[in-house]
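**Q** Letter by letter, the chains look like this.
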Amino acid sequence: MMRTAVITRVLRMAPDMVTLYFEDEECSKASPGQYAMIWIPGGEEIPMSLSTINPGGESSLTVRDVGEATKTLCDMKEGDKVGIRGPFGIGYTITGDSPLLVAGGTGVASLAPLAEAFVERGVKPTFILGAKTESDLAFRDRLENLLGDSVVLATDDGSCGFEGFSSQCAEKLMDERSFDAVYTCGPELMMVAVFDEAESRGIPVQASLERYIKCAHGLCGSCAIGPYRVCMDGPVFDSEKLREVREDFGSRKMDPTGKIVGVDH
Amino acid sequence: MMRTAVITRVLRMAPDMVTLYFEDEECSKASPGQYAMIWIPGGEEIPMSLSTINPGGESSLTVRDVGEATKTLCDMKEGDKVGIRGPFGIGYTITGDSPLLVAGGTGVASLAPLAEAFVERGVKPTFILGAKTESDLAFRDRLENLLGDSVVLATDDGSCGFEGFSSQCAEKLMDERSFDAVYTCGPELMMVAVFDEAESRGIPVQASLERYIKCAHGLCGSCAIGPYRVCMDGPVFDSEKLREVREDFGSRKMDPTGKIVGVDH
Amino acid sequence: MSQLSLSVDIAGLRLRNPTMNAAGVLGISAPLLKRVYEGGAGAVVTKSLGPEPRSGHLNPTMVIVEGGVLNAMGLPNPGAEYFVSAIKALRAEGIPVIASFFGASIDDFRDVAELLSEAGADALEVNVSCPNVQEELGMLGADCLNTEKVTAAVKEVSKPPVFVKLSPNVTDIAEIAKAAELGGADAITAVNTLKGMAIDADFRRPILTNVTGGLSGPALKSVALRCVWDVAKAVEVPVIGCGGITNWRDAVEFMLAGASAVEVGTAIRERGFGVYEEITTGIEGYLEANGFGSVKGIVGLAQEAI
Amino acid sequence: MSQLSLSVDIAGLRLRNPTMNAAGVLGISAPLLKRVYEGGAGAVVTKSLGPEPRSGHLNPTMVIVEGGVLNAMGLPNPGAEYFVSAIKALRAEGIPVIASFFGASIDDFRDVAELLSEAGADALEVNVSCPNVQEELGMLGADCLNTEKVTAAVKEVSKPPVFVKLSPNVTDIAEIAKAAELGGADAITAVNTLKGMAIDADFRRPILTNVTGGLSGPALKSVALRCVWDVAKAVEVPVIGCGGITNWRDAVEFMLAGASAVEVGTAIRERGFGVYEEITTGIEGYLEANGFGSVKGIVGLAQEAI
Ligand SMILES: Cc1cc2nc3c(=O)[nH]c(=O)nc-3n(C[C@H](O)[C@H](O)[C@H](O)COP(=O)(O)OP(=O)(O)OC[C@H]3O[C@@H](n4cnc5c(N)ncnc54)[C@H](O)[C@@H]3O)c2cc1C
Ligand SMILES: Cc1cc2nc3c(=O)[nH]c(=O)nc-3n(C[C@H](O)[C@H](O)[C@H](O)COP(=O)(O)OP(=O)(O)OC[C@H]3O[C@@H](n4cnc5c(N)ncnc54)[C@H](O)[C@@H]3O)c2cc1C
Ligand SMILES: Cc1cc2nc3c(=O)[nH]c(=O)nc-3n(C[C@H](O)[C@H](O)[C@H](O)COP(=O)(O)O)c2cc1C
Ligand SMILES: Cc1cc2nc3c(=O)[nH]c(=O)nc-3n(C[C@H](O)[C@H](O)[C@H](O)COP(=O)(O)O)c2cc1C
Ligand code: FES
Ligand code: FES
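Protein sequences, first through last, are from chains Z, P, F and U. Whatever position you read off the first sequence (first residue = 1), add 121 for the working numbering. Whatever position you read off the second sequence (first residue = 1), add 121 for the working numbering. Whatever position you read off the third sequence (first residue = 1), add 215 for the working numbering. Whatever position you read off the fourth sequence (first residue = 1), add 215 for the working numbering.
Quick caveat, the hints were computed from the structure, so don't treat them as lab data. It is possible that part of the hints are untrue.
What the hints assert, rightly or not - Straight-line distance between alpha carbons at most 25 Å, and here's what the computed PhoX-like set of lysine-lysine pairs gives:
no., chain 1, residue 1, chain 2, residue 2
1, U, 448, Z, 380
2, Z, 380, U, 303
3, Z, 192, Z, 253
4, F, 249, P, 362
5, P, 380, F, 364
As the list claims (entries may be wrong) - Derived CB-CB ranges, DEER-like:
no., chain 1, residue 1, chain 2, residue 2, range
6, F, 253, P, 200, 41 to 51 Å
7, P, 178, F, 226, 55 to 65 Å
8, F, 506, U, 497, 21 to 31 Å
9, P, 200, F, 231, 50 to 60 Å
10, U, 497, P, 322, 58 to 68 Å
11, U, 497, P, 192, 55 to 65 Å
Heads up, the beta-carbon is just placed ideally off N, CA and C, and yes, glycines get one too.
Given only the sequences and the hints, what does the whole structure look like? Please build it.
**A** Put into structure tokens, the structure is as follows:
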């Protein structure tokens with residue numbers, strides 16, 4: 122069923138990125154890594170990770186403006202309403218005593234609640250917060266307050282922290298310290314690099330994938346990757362499944378007609 | 122939804138009356154006074170009180186052969202199957218420290234489980250078991266084992282116990298002792314007599330009524346008595362409701378077309 | 216608080232609120248209809264009455280299925296003439312009565328309409344959409360020409376407004392609605408039940424004695440809503456929504472689709488007679504929260520949105 | 216234990232068991248179809264393929280409603296030609312593939328059928344019953360003459376058996392089934408979704424971008440069962456039951472009504488890919504408990520009971 126979420130506050134994260142807060146009972150009970158379908162009445166409905174999960178309290182979406190629907194969301198104000206279905210999908214499985222979380226771009230959306238969940242269990246993860254440039258680093262305060270110097274910043278242009286992609290930063294950290302679990306969300310090619318690196322070291326990975334979501338109920342097949350449905354078997358995939366879909370992961374996806382096209386970022 | 126009940130044993134109660142035992146989880150959780158809709162595949166579906174309610178165990182129907190459907194039921198053997206819906210309706214509300222139960226004919230079907238429920242709560246009711254003649258007295262052993270000499274037998278022909286109708290017997294007992302609640306099930310004219318008698322003494326009554334049951338879900342209206350539906354607001358009516366429908370109680374009912382006809386027994 | 220009005224006007228029939236029982240649900244008994252009214256309904260609808268008494272089908276006549284209820288009562292009724300006194304008695308208590316009826320021929324429809332019109336019914340609801348009886352009785356409404364003819368014949372003899380109740384078991388309900396409008400219908404009731412059936416795997420036979428039955432309740436809702444949408448788009452006359460309405464939100468959705476009022480049947484099973492007041496109160500809250508002054512203010516709004 | 220066989224023969228197509236996915240459910244992806252087969256299905260059915268690639272409707276394309284699911288995917292598909300390699304790949308793994316398809320004209324239907332027939336599909340399923348696209352695409356099957364013509368055109372060019380999938384959104388499905396049989400259909404699939412809609416009371420607009428959608432899942436079951444019953448009575452060719460089947464009991468009911476096999480779609484949402492094995496195992500248990508040696512033994516038994 123479709124519910125209504127009223128935006129209670131809007132936080133600008135970066136020139137092209139905002140966080141929209143709202144209250145919704147179902148979402149407040151979600152697990153990190155789950156997503157909701159957000160309907161802009163009169164416009165489209167798109168998948169969005171839950172970037173805040175607060176039992177009994179606020180939830181949020183963190184949206185990057187990349188097209189029509191996301192632009193409309195980025196322009197929303199307090200009091201505006203969206204339709205919401207979900208939460209959907211299988212989120213992260215919390216495991217490991219020294220986990221590494223690798224976020225690229227909006228990937229921080231799903232990894233921030235995961236970091237909080239780890240801390241709640243007494244584990245302080247290492248968190249690579251990567252973005253193109255310093256002003257794009259979302260949730261920096263939230264994460265630094267939570268994790269202190271376990272937050273490692275990375276920017277493609279070197280304007281802040283490590284210079285280079287999150288995946289390169291992850292490689293460096295894996296060289297320096299030992300992790301027993303790697304979690305990643307962000308551009309697919311970045312995640313592939315993280316996965317391959319972790320694989321070569323035998324560290325289990327959980328990666329949150331994106332494919333074209335239509336039904337979100339596991340029925341239409343539009344979100345297929347190999348024999349899995351991102352909407353329901355994912356969006357989080359573990360190493361075993363990633364190995365199974367390795368041919369497609371980072372390489373191939375279906376467009377909205379079902380044609381197979383390349384993955385380019 | 123329709124379920125299937127397999128007859129596990131058949132007990133002949135009287136020349137024209139049998140008790141059919143079966144196991145059914147829903148019925149085993151019924152309360153005394155509730156009924157089920159019994160479907161004879163290929164034949165009709167009719168309402169029948171639950172004459173045994175045994176949490177976790179057997180349930181039963183006690184059927185008098187009065188027409189086609191009841192005849193088919195009376196001829197059933199162990200292993201035969203019927204369809205079953207329910208239990209339906211509002212049964213007896215258990216109240217009173219010195220209750221009088223007045224059964225006429227198959228009325229014992231719904232009052233026997235009530236007597237057991239009373240005993241379970243530490244109250245031993247007085248039970249008038251009435252029938253046309255001695256061989257028609259159903260569940261005599263079951264009740265005498267349960268209540269000892271609190272069972273008062275009555276036969277129209279005087280072949281056993283009190284000679285006369287159950288209602289006349291009830292009047293006599295009410296003269297002799299004081300009861301704080303009266304329960305009755307049986308021919309409607311008998312119940313009217315019991316009700317009027319109890320009313321004149323200010324004793325609250327619960328009577329189990331019969332009207333033509335079709336849907337059993339309170340939708341079709343076929344079982345109307347005044348502003349009530351026997352199928353769902355009943356079949357058990359308390360004094361307040363009986364007063365409200367007093368014009369119809371014992372006098373008028375709808376036939377299957379909705380025409381109002383007289384009540385003649 | 217604004218001057219919020221819950222009353223509605225359907226083709227000249229003014230009701231205190233937009234809820235009614237669905238035809239055939241409890242309407243065989245005047246005291247039960249009175250209880251429906253006391254439960255909060257704006258008007259009551261009788262069982263569909265025919266020219267002759269009918270017992271309807273033998274039991275089983277109802278079975279619960281996935282998401283709803285299947286019934287094949289088979290139009291039991293004591294005959295229109297017999298029921299006149301019940302209609303009069305209800306009206307004498309100030310209860311608006313909509314008399315539902317059917318016939319086996321156009322003449323039947325005309326005769327029964329005349330009788331019920333003279334009995335003083337506040338409106339007539341022509342049932343050309345019962346899936347549970349022989350074609351000539353039930354599904355005249357599957358065909359445009361018949362629908363128009365029946366409606367015209369009924370209109371000829373009727374003083375009060377005439378509602379025509381349509382079936383969802385047709386290829387194009389909008390066409391049938393237009394035919395009814397052409398025949399002079401003052402309002403369209405949409406919809407009757409969907410034709411379905413239930414089979415028992417243990418007994419390996421259909422459960423209902425009539426084999427097939429009509430599906431009502433929640434399972435019907437999305438189809439009924441679409442029917443109301445299609446009909447409201449096709450005709451000018453008011454539409455009365457019916458089918459699976461269980462709570463005020465459902466009722467509001469039907470109104471947004473184009474219904475001026477709603478009939479509620481199966482929901483009584485789980486929500487009781489209070490369902491009418493519950494729905495009315497809910498509509499009131501909705502109108503208030505959204506700044507509408509009347510039920511009319513939301514009728515068809517979703518049509519305008521696209 | 217007797218020699219119990221679960222395999223079925225539908226117009227010459229032999230399957231290891233009588234379960235398949237419903238067209239359009241997961242069938243846009245060959246690896247997902249493979250998973251359906253590994254989940255226990257007797258065959259797999261592709262997404263309905265058209266002459267050209269289509270993106271389908273914009274989201275929202277699905278919403279949960281009372282008792283079921285409404286979808287208006289709008290026949291997204293990469294085009295029949297594009298999908299040929301997927302069909303071949305599946306068949307190369309020994310998986311029987313039923314190719315569902317549609318067209319905008321009789322020529323389209325013929326061309327696509329020829330292509331899919333040559334691709335080696337084990338059967339073709341003609342979709343003349345999609346409620347979610349323009350009339351010329353979707354609902355050709357609402358009309359007897361068109362159904363017969365499309366079927367005949369498809370039969371002309373098809374080597375494997377041709378199933379014609381019908382819509383429940385018609386006044387008389389039996390007539391349409393007879394027309395398909397007359398056109399040469401080797402089997403009838405009954406049914407596609409019921410046309411419904413959902414409206415959001417807060418936004419006061421239809422939820423689906425396409426406004427209306429198709430109702431599937433439990434809410435559809437009793438209507439679909441009645442359709443199978445009506446069709447099985449009307450035609451000689453085998454019937455494939457579809458609509459709201461969720462468990463083995465549902466499947467058995469459809470078989471007793473006259474279905475030789477069943478397609479299961481929406482149930483995957485709650486029961487997962489294992490639903491096919493669950494249903495097959497349940498049917499096996501039922502046959503055994505009731506002394507039947509094969510699925511065929513129970514097909515249509517409820518028809519004989521009355
Ligand atoms: C599980 C999941 C979680 C996501 N979480 C976030 C998040 O937290 N923050 C965020 O900014 N973005 C997130 N996305 C991506 C987001 O859904 C797309 O950016 C958005 O759909 C773009 O829509 P648009 O109309 O603005 O752009 P368009 O111009 O329509 O498309 C831009 C890009 O987004 C893709 N896209 C469009 N619609 C969909 C769809 N229905 N499903 C998947 N991809 C689509 C297109 O393929 C294209 O690559 C997530 C995606 C998935 C699958
Ligand atoms: C709540 C309730 C509980 C009952 N409990 C018992 C019981 O425990 N034992 C028992 O022997 N009988 C009981 N009855 C009565 C029983 O239902 C009828 O005797 C039975 O329906 C007769 O069916 P028939 O086909 O044998 O006879 P018919 O020849 O069809 O009818 C004989 C009489 O039964 C009445 N009857 C028929 N069908 C129905 C129906 N659907 N609903 C109500 N009355 C009907 C007729 O009006 C007629 O008076 C109960 C009735 C009700 C309403
Ligand atoms: C028990 C029952 C009897 C019905 N009888 C009639 C009838 O006599 N005339 C009629 O037009 N509709 C009849 N209907 C259909 C209802 O009026 C209504 O159209 C349908 O039940 C859908 O509404 P609901 O889902 O709110 O019940 C009947 C429905 C039920 C459940
Ligand atoms: C997401 C989805 C997509 C569908 N796509 C098609 C399709 O492409 N072709 C078709 O013939 N039916 C399509 N259908 C209808 C199904 O094949 C089936 O007829 C219907 O869903 C009823 O079965 P179910 O209740 O088991 O899902 C689709 C149904 C769903 C839910
Ligand atoms: S989006 Fe439809 S199956 Fe995943
Ligand atoms: S039997 Fe239908 S309302 Fe009681």
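**Q** Each hint: holds or not?
**A** Now for the hints, and whether the structure bears them out:
1. Proximity of residue 448(U) to residue 380(Z) is assessed by CA-CA distance (about 41 Å); at most 25 Å being required, the pair is judged violated.
2. Restraint check: the Cα-Cα separation between residue 380(Z) and residue 303(U) comes to about 16 Å, which is no more than 25 Å; the hinted pair holds.
3. Between residue 192(Z) and residue 253(Z) the CA atoms are separated by roughly 19 Å; this keeps the pair inside 25 Å, and the hint holds.
4. At roughly 16 Å between alpha-carbon atoms, residue 249(F) and residue 362(P) fall within 25 Å of each other, so this suggested pair holds.
5. At most 25 Å may separate the alpha-carbon atoms for a hinted pair to count; residue 380(P) and residue 364(F) exceed this at roughly 31 Å.
6. Between residue 253(F) and residue 200(P) the beta carbons are some 49 Å apart, a value that agrees with the proposed interval 41 to 51 Å.
7. Our hint of 55 to 65 Å for residue 178(P) and residue 226(F) holds, since their Cβ atoms are close to 59 Å apart.
8. About 54 Å separates the C-beta atoms of residue 506(F) and residue 497(U), a value inconsistent with the hinted range of 21 to 31 Å.
9. Take residue 200(P) and residue 231(F): their Cβ atoms lie about 58 Å apart, and the range 50 to 60 Å holds.
10. The hint said 58 to 68 Å for the Cβ distance between residue 497(U) and residue 322(P), and at roughly 60 Å that hint holds.
11. In this structure, residue 497(U) and residue 192(P) break the distance hint of 55 to 65 Å, their C-beta atoms being roughly 36 Å apart.
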